[in-house]
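Chemist: Note that the protein sequences, when read in sequence, are chains Y and X. With the first letter of the first sequence counted as 1, position 36 gets the number 40 in the numbering used here; the numbers rise by one all the way through. With the first letter of the second sequence counted as 1, position 269 gets the number 273 in the numbering used here; the numbers rise by one all the way through.
Since the hints were made in silico from the structure, they are not lab data. Even glycine gets a Cβ: it sits at the ideal position worked out from N, Cα and C. Hints are not guaranteed to be accurate.
Residues from chain Y shown here face chain X by an in silico Cβ test under 10 Å; the list is partial [as the list claims (entries may be wrong)]:
no., residue
1, Glu-65
2, Thr-80
3, Ser-136
4, Thr-146
Single-letter residue listing:
Protein chains: 2
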Amino acid sequence: MARSKAYIASVGLTGIGDLWDKSLLDLAVEAARGAMKGSPRKKPDQIFVGNMFSALGASQEHLGAMTASALGMAGTPAVKVEAACSSGGSAFNVAYNLVRAGALDSALVIGVEKMRDLEPEEVSQALAMAESAEYTQFVGATFAALNGLLARYYMEELNVTRDELSAIPVIDHANAVTAAHAQFRKAITPEVVGRSQMIADPLRLFDCAPVGDGAAAALLVNDDAASGSKRKLAEVLGGKISTNEFSLYEREDMLDFKATRLAFKDALSMAGLSPGKMNFLEVHDAFSVVGALSLEAMGYSKRGNGSRDAKAGKYARGGELPINTFGGLKARGHPVGATGVYQIAEAYLQLTDQAGKNQIEGAEYAATQNVGGVDSTSAVHIFGRAA
Amino acid sequence: MARSKAYIASVGLTGIGDLWDKSLLDLAVEAARGAMKGSPRKKPDQIFVGNMFSALGASQEHLGAMTASALGMAGTPAVKVEAACSSGGSAFNVAYNLVRAGALDSALVIGVEKMRDLEPEEVSQALAMAESAEYTQFVGATFAALNGLLARYYMEELNVTRDELSAIPVIDHANAVTAAHAQFRKAITPEVVGRSQMIADPLRLFDCAPVGDGAAAALLVNDDAASGSKRKLAEVLGGKISTNEFSLYEREDMLDFKATRLAFKDALSMAGLSPGKMNFLEVHDAFSVVGALSLEAMGYSKRGNGSRDAKAGKYARGGELPINTFGGLKARGHPVGATGVYQIAEAYLQLTDQAGKNQIEGAEYAATQNVGGVDSTSAVHIFGRAA
Numbered sequence: 005m006a007r008s009k010a011y012i013a014s015v016g017l018t019g020i021g022d023l024w025d026k027s028l029l030d031l032a033v034e035a036a037r038g039a040m041k042g043s044p045r046k047k048p049d050q051i052f053v054g055n056m057f058s059a060l061g062a063s064q065e066h067l068g069a070m071t072a073s074a075l076g077m078a079g080t081p082a083v084k085v086e087a088a089c090s091s092g093g094s095a096f097n098v099a100y101n102l103v104r105a106g107a108l109d110s111a112l113v114i115g116v117e118k119m120r121d122l123e124p125e126e127v128s129q130a131l132a133m134a135e136s137a138e139y140t141q142f143v144g145a146t147f148a149a150l151n152g153l154l155a156r157y158y159m160e161e162l163n164v165t166r167d168e169l170s171a172i173p174v175i176d177h178a179n180a181v182t183a184a185h186a187q188f189r190k191a192i193t194p195e196v197v198g199r200s201q202m203i204a205d206p207l208r209l210f211d212c213a214p215v216g217d218g219a220a221a222a223l224l225v226n227d228d229a230a231s232g233s234k235r236k237l238a239e240v241l242g243g244k245i246s247t248n249e250f251s252l253y254e255r256e257d258m259l260d261f262k263a264t265r266l267a268f269k270d271a272l273s274m275a276g277l278s279p280g281k282m283n284f285l286e287v288h289d290a291f292s293v294v295g296a297l298s299l300e301a302m303g304y305s306k307r308g309n310g311s312r313d314a315k316a317g318k319y320a321r322g323g324e325l326p327i328n329t330f331g332g333l334k335a336r337g338h339p340v341g342a343t344g345v346y347q348i349a350e351a352y353l354q355l356t357d358q359a360g361k362n363q364i365e366g367a368e369y370a371a372t373q374n375v376g377g378v379d380s381t382s383a384v385h386i387f388g389r390a391a
Numbered sequence: 005m006a007r008s009k010a011y012i013a014s015v016g017l018t019g020i021g022d023l024w025d026k027s028l029l030d031l032a033v034e035a036a037r038g039a040m041k042g043s044p045r046k047k048p049d050q051i052f053v054g055n056m057f058s059a060l061g062a063s064q065e066h067l068g069a070m071t072a073s074a075l076g077m078a079g080t081p082a083v084k085v086e087a088a089c090s091s092g093g094s095a096f097n098v099a100y101n102l103v104r105a106g107a108l109d110s111a112l113v114i115g116v117e118k119m120r121d122l123e124p125e126e127v128s129q130a131l132a133m134a135e136s137a138e139y140t141q142f143v144g145a146t147f148a149a150l151n152g153l154l155a156r157y158y159m160e161e162l163n164v165t166r167d168e169l170s171a172i173p174v175i176d177h178a179n180a181v182t183a184a185h186a187q188f189r190k191a192i193t194p195e196v197v198g199r200s201q202m203i204a205d206p207l208r209l210f211d212c213a214p215v216g217d218g219a220a221a222a223l224l225v226n227d228d229a230a231s232g233s234k235r236k237l238a239e240v241l242g243g244k245i246s247t248n249e250f251s252l253y254e255r256e257d258m259l260d261f262k263a264t265r266l267a268f269k270d271a272l273s274m275a276g277l278s279p280g281k282m283n284f285l286e287v288h289d290a291f292s293v294v295g296a297l298s299l300e301a302m303g304y305s306k307r308g309n310g311s312r313d314a315k316a317g318k319y320a321r322g323g324e325l326p327i328n329t330f331g332g333l334k335a336r337g338h339p340v341g342a343t344g345v346y347q348i349a350e351a352y353l354q355l356t357d358q359a360g361k362n363q364i365e366g367a368e369y370a371a372t373q374n375v376g377g378v379d380s381t382s383a384v385h386i387f388g389r390a391a
């Protein structure tokens, strides 16, 4: 089967935070307009909206048609794609495969989430829908609780210390200081993480991604749709969604993020690249432990060494393999259904030298990893500079 | 771009109704297992779940990974696709375009909705998410109310009578009598429709599709994945999603179902067929007026004549162009996110001579039309007998 090359032609981002004055639709439209700006074609062939819980966050579904219409693109095919916290990456993956296979010349992918209109306990309830209602939620296990259990197991089983666990949040916050769209632009120390409020033992406040509103968009194009564009291109070299046994308790080895492992392997294989080629990563550190297990699943750290390697500087700016170059989920923020598209937009900004003070000089290749549930779904993409 | 042929290799259906003893996941798994039965490949390349409001109906999101895992298919890529009441047809469309373009050899499409665990007013609230929360829902316009306003306008503007409006529900109920999976297997008369309880003036109870639980699944395959299958194939010849100005009040002509009109035109063009080639239609009669306007948008009835032609027998079993051969939304039932896949499964059963007492003898071609909101989205597919 002949393949088209697929590129990101442009991106649009809103800042992340308590955006009380902007509706869900406002956010989606703002990001989308940013991504369409300068496009030689006024409309994409199809719109994909990544979102997890607009039903609870904004009493709204049907975001595809709603966004298309608000953009003055009524007529254009439009759908929402949902895969919990990996909704953004999954929406991008569906769109990418359609462009790559030649079914679409262009696709506009929008990730959006409105979280701050909910009370904190409602946010917990919304996030818990990423896991089984009947076997997890209804017995009182919030999403933070599940990740707390996982973190305890990880620390006990593999002798990971509190200080090590704090290393990824510290890197994230350091990187966010100069990131205009980040929710928390303030550096922190391991001590700050270690003495912050306990959320779900052993996870503390600064182990956990914050709650915020935001939207990101990316315009995917093939060679035909790219021609005439004056905007810089980054190439999408591979991308895959994979899944794991849904709930933690169903898995033989809870510390093996199988969905991430398989998705990364397949995405690299599509790209024809080895893991060592990556110059930076955007990893899904919804909780510090999730960031560590993700780096282990991708093979960059040995089992039990994800946080340890972070503490040793491997993943810091200027280290061997920088991660979360604009702050990751912890500091850039984690507007759930939008997060995967933020990661992808950040990879685009880096690979087109538009990352400003956050620029990783000379980066040629990058991977983004967006997880739904506790690695129940993982959507991984590989990007490179356009030839 | 080279295209693969795409077929439906098999389908699975649950009965529709008050399925108190089955969870959302039970329903999805039952339909999926039905569709996978006899497949020479144990797993599809990807799973697509069409669903609108599992967040409200079952406190559950992340149905893709959840269903994959429950089917013993952890690892398989899986996402949910949502486009309000057209979620099922839209999920199928995304999967179909990926198979047709050669990105996937096979895809399992599952439509599922659990409505009956909600109180009636909660169902109204869930359905209202198909329309703008801020401009429609929050001022108290339920989905039935909007369709009531549309029906009144339709009747006044185009001189449509109460008896004419009753004709499509009557056809639906007649067809459902022998349909094993239908929710209401009982024939009705125009008088029954006309004297049933008023829901949203002028729409009465029997103008409105019922509330029910159900799931349907279809296995899409290309030639490679079809080889070795002993199950009968129907070919997918074309399929398109289109959108309209989102809310009724934004449209120049509320009686023009533009999304359906455009999607049908494009789907026919992909199939290389004229409208006259269709031997039956599955149309989205969520309300009697929606069925009538759909037939007008597809060009089978002149403006204002959709219900009138139905009354004259054109769309009845044995008429010129039978519709809703297993009862349509009104009598087969309308488990929202599943409906589009039920329609497609029914087209498959007809075109492979497995429709039993509902068989349309010698049918060669069919179209299915699945609407989200009041034609804010429309997903139309064209099917034919496999050569």
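Chemist: Measuring from the C-beta of Thr-80 of chain Y to each C-beta in chain X, is the shortest one below 10 Å?
Modeler: holds (6 Å)
Chemist: Quick check on Thr-146 of chain Y please, does its C-beta sit within 10 Å of some C-beta on chain X?
Modeler: violated (13 Å)
Chemist: The hint names Glu-65 of chain Y as touching chain X; please verify it with the least Cβ-Cβ distance against 10 Å.
Modeler: Status holds, d = 4 Å.
Chemist: Hint validation: Ser-136 of chain Y versus chain X, beta carbon distance must be below 10 Å. Holds or violated?
Modeler: With a minimum Cβ separation of about 7 Å from chain X (threshold 10 Å), the hint on Ser-136 of chain Y holds.
When the structure is compared with the earlier hints, a violation turns up for hint 4 alone.
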